[in-house]
Amino acid sequence: METVSSWVAQVRQSVGKAFYGKDEAIDTVLAALLCRGHVLIEDVPGVGKTILARAIAMSLRGEFRQIQCTPDLLPADVLGVSIFNPKTEEFDFRPGPVITNILLVDEINRATPRTQSALLEAMAEGQVSVEGRSLPLPDPFFLIATESPAASEGTFPLPEVQKDRFFLSLSLGYPAGDSERRIMTSQRQLSHPLSSITPVSDVATLVEMQRKVIEVHVEPSLQKYILSIVGLSRTDTRLVLGISPRGSLALYRGAQAMAAIRGRDYAVPEDIKDIAVPVLRKRVLLKSEHAARGLTEVDVVRQMLERTAVPGLKDAV
Amino acid sequence: MDEATLRSYRSYRHPLFSVLLPFLFVWLVTACLRAALPALGRIPGVYPVLLLVATLSEAAVSGYLTARRAQGLLPRLRELVVLLVFSLAFLKLVSGDVFRGDWRVGRLDIVLPMILVAAEWLLALAIHGSLRERELLLSLVVGKDGGELKESIRAMGAEAAASLAALARLRRLIVALQALAFLAVFFVSIARPGAITPGLVLLAIAHFAVGLVCFFTVNGYREWQAVMGDGFTVSRRIASRRAGFAAALCLVAALALIPAVGRDAPLPSSYLEAFMAWLQRITTLPEAPGRYETDTPEVTTPDYSLEQQAQVLRDMGSFDRGNEALQRLVRIILIVLVAGGPAAVIIGLLVAPLFRKREEKVRPLRALRAWLARTAQAVAQGFRNFLAALRYRPRGEVRRKSLREIIFGRGDAGAERAGDERAGLFQRLGQSREIRTFVKVIRWGERRGVRFHRSLGPREYAGSLGAAAPEVRGDLERLADILEELLFSGRGLTPRRTEEYFDAARLVLRTR
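The listed protein sequences correspond, in order, to chains A and B.
For the first sequence, the working numbering gives the first residue as 12, with consecutive numbering after it.
For the second sequence, the working numbering gives the first residue as 176, with consecutive numbering after it.
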């Protein structure tokens, strides 16, 4: 799997020209990309969500579009609309920004539920339905959505069914001291660091990498390990909602991707544990009484990992 | 949640808690101590008025400052100083010192009431402060109802958490006050049972009843907030069963206490009175003649001079083995701790089921049995963990476990680490040589203080071990790498990789 590993290293290096100090976040997003999944980034404004998405798009020579969500955004603004052409006297379909390889949906929780639902089909089926006909989306189609913190006013929280469709969710956090200093000093020129990014790969190579990730071996004992983790969530009395089979599949694929990124053709428990929090944190729903006591979804996922025995040595020691 | 309800909480419901609870507690405990130890001094009989003024002033000033949005410690400190000055003036007035021109402040009958006033004011401040957190949460959701109210409370996660924490603190405080009051009554019933008047009994019952009501109310607040957070409601059946249980408990307490009081008890002497008298007999040493009055003094009018009281205090301060007063005090303390502690625990166990949410748990005997079983398991587990902890001496960068973790063996959030029971002999024999070798490395690591848990993979454990033994970090990483290839790659190891594995293991195990 050196090819996937070296490909990821190239993309990481390219993205790192504009997005500093968060190699783990870059790897996580690339893992989702390799698994043909979509990413939800939840964080405060100004930490680099848009830059990350743009940098990845520019590194891959794919088509990139951005949607800035507002409460008055209509589904037609996302999917496309037919406009009457007086010359041909026919309706010409003008595709919306969703018809692209990499789509950045900024502040998705500011869009109305109706507009959010328009993206559901795109994320799940790889196609969109407009005026009664289905339009396939380009392959690959990768959606990165950003979300403002839930306490902001004028937002429409994503329903659980839509959160579940995202492959993983992460929070970037503030940059470390040295990275923030570099951010300040790197923009002394008039041009943005994004303009220094040149494509290091293309869409065809990405598809090839995705195919290789699927071939990563996951031992049956590790498959049982994944099911044990997921099974714990379904019996945890602190949760209203446990992890769905989509979640266990995402964890499985995520482990394959992490193994491939690390240069192996087989997954190990560490791959599962490293990807578990981003994959599972938005797939569990805490009861409010526990949320009010300060318990978070990340805590619950970490506790599930601590409570599950890793295969291989558990019966030996 | 409407404005009128919020105003009622702010105006009288919460202030009532912060006034009644500390007032009854301090009054009861002081009365018990005055009954048991007349040598404490002659506190003016009007001291309950001062106590009431202290709590009322706290409630009033707190409301005033909140209305003016004035925060901070300084206004409250000023209030306390004013209160103490007022108390001093009041005490001087009622004792007649003002008219005699006696301006001494350093007297026990002046200082002690002022200490009581300050203590009660602080208690009232603590209770009211806890209830203010709830008022803050309610003020943020005022005007909302039904689903909208639920959503608002969920959105106010930080305030809701602070409110719950404050209510938990308040609940613990109420229980602590009840326990202390119980111990005070128990103490005086042993020291001077004849000094327990019906008035003292009624005060004790009133304190207990108010404490119970406050406890129920705070519990109701917590449950209301849990309902808002998708918790569940307490059924009417449980609520009425709780009320009946509480009423029955008060009745039993009254019936038990009343026969044990005074010489002119309204009911015939009971076994409890005889038992108390017997306890008193076996724990009382003969008093030195001529120093104290032999008759049991009344609570309100002890007839000692200050000189005699000072002499008694000096005697008690002398740690002479022949000091009879000190011996007596030590015996009383021992009896209170030995008998009073378990008694308080048993009462707590009987009361605890009142606060269970599930119907099947509202049964005292079953709850007691379950508690005893859990306690026995915890003690056994603690002993096992203690023995395990003795085997491992953490050093270097390894974090020392707290006593709680050693005894109870799990972290704060209740997460249970995957257990670390040892594999049996037949299990060990069935393992491959590579795994047996890694197990040896694990044992080697445990001797260095790095414990293995089943939730750790080989790579993770090797990383922890490498931090504790940096000289073999590279070998450990290689070892874990090859072992994971063996366990998870779906193919075996090549001879070269196997040799590399055992070489790395040898290098690690050879290191001391």
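If you're looking for bench data, these hints aren't it; they were derived computationally from the structure.
Worth double-checking, as some hints may not be accurate.
[To be verified] Computed beta-carbon distance windows for the label pairs:
hint, chain 1, residue 1, chain 2, residue 2, range
1, B, R666, A, A135, 31 to 39 Å
2, B, F677, A, G274, 53 to 61 Å
3, A, T307, B, L426, 44 to 52 Å
For each residue, glycine too, the CB sits at the ideal point set by N, CA and C.
Could one say that the CB atoms of R666 of chain B and A135 of chain A fall in the range 31 to 39 Å? For A135 of chain A against R666 of chain B, whose Cβ atoms are near 36 Å apart, the range 31 to 39 Å holds.
Could one say that the CB atoms of F677 of chain B and G274 of chain A fall in the range 53 to 61 Å? 24 Å, violated
Taking the CB of T307 of chain A and the CB of L426 of chain B, does the distance hold inside 44 to 52 Å? Roughly 47 Å apart at Cβ, these two residues keep to the hinted range, so it holds.
Comparing the model with each numbered hint stated earlier shows that hint 2 is the single one that does not hold.
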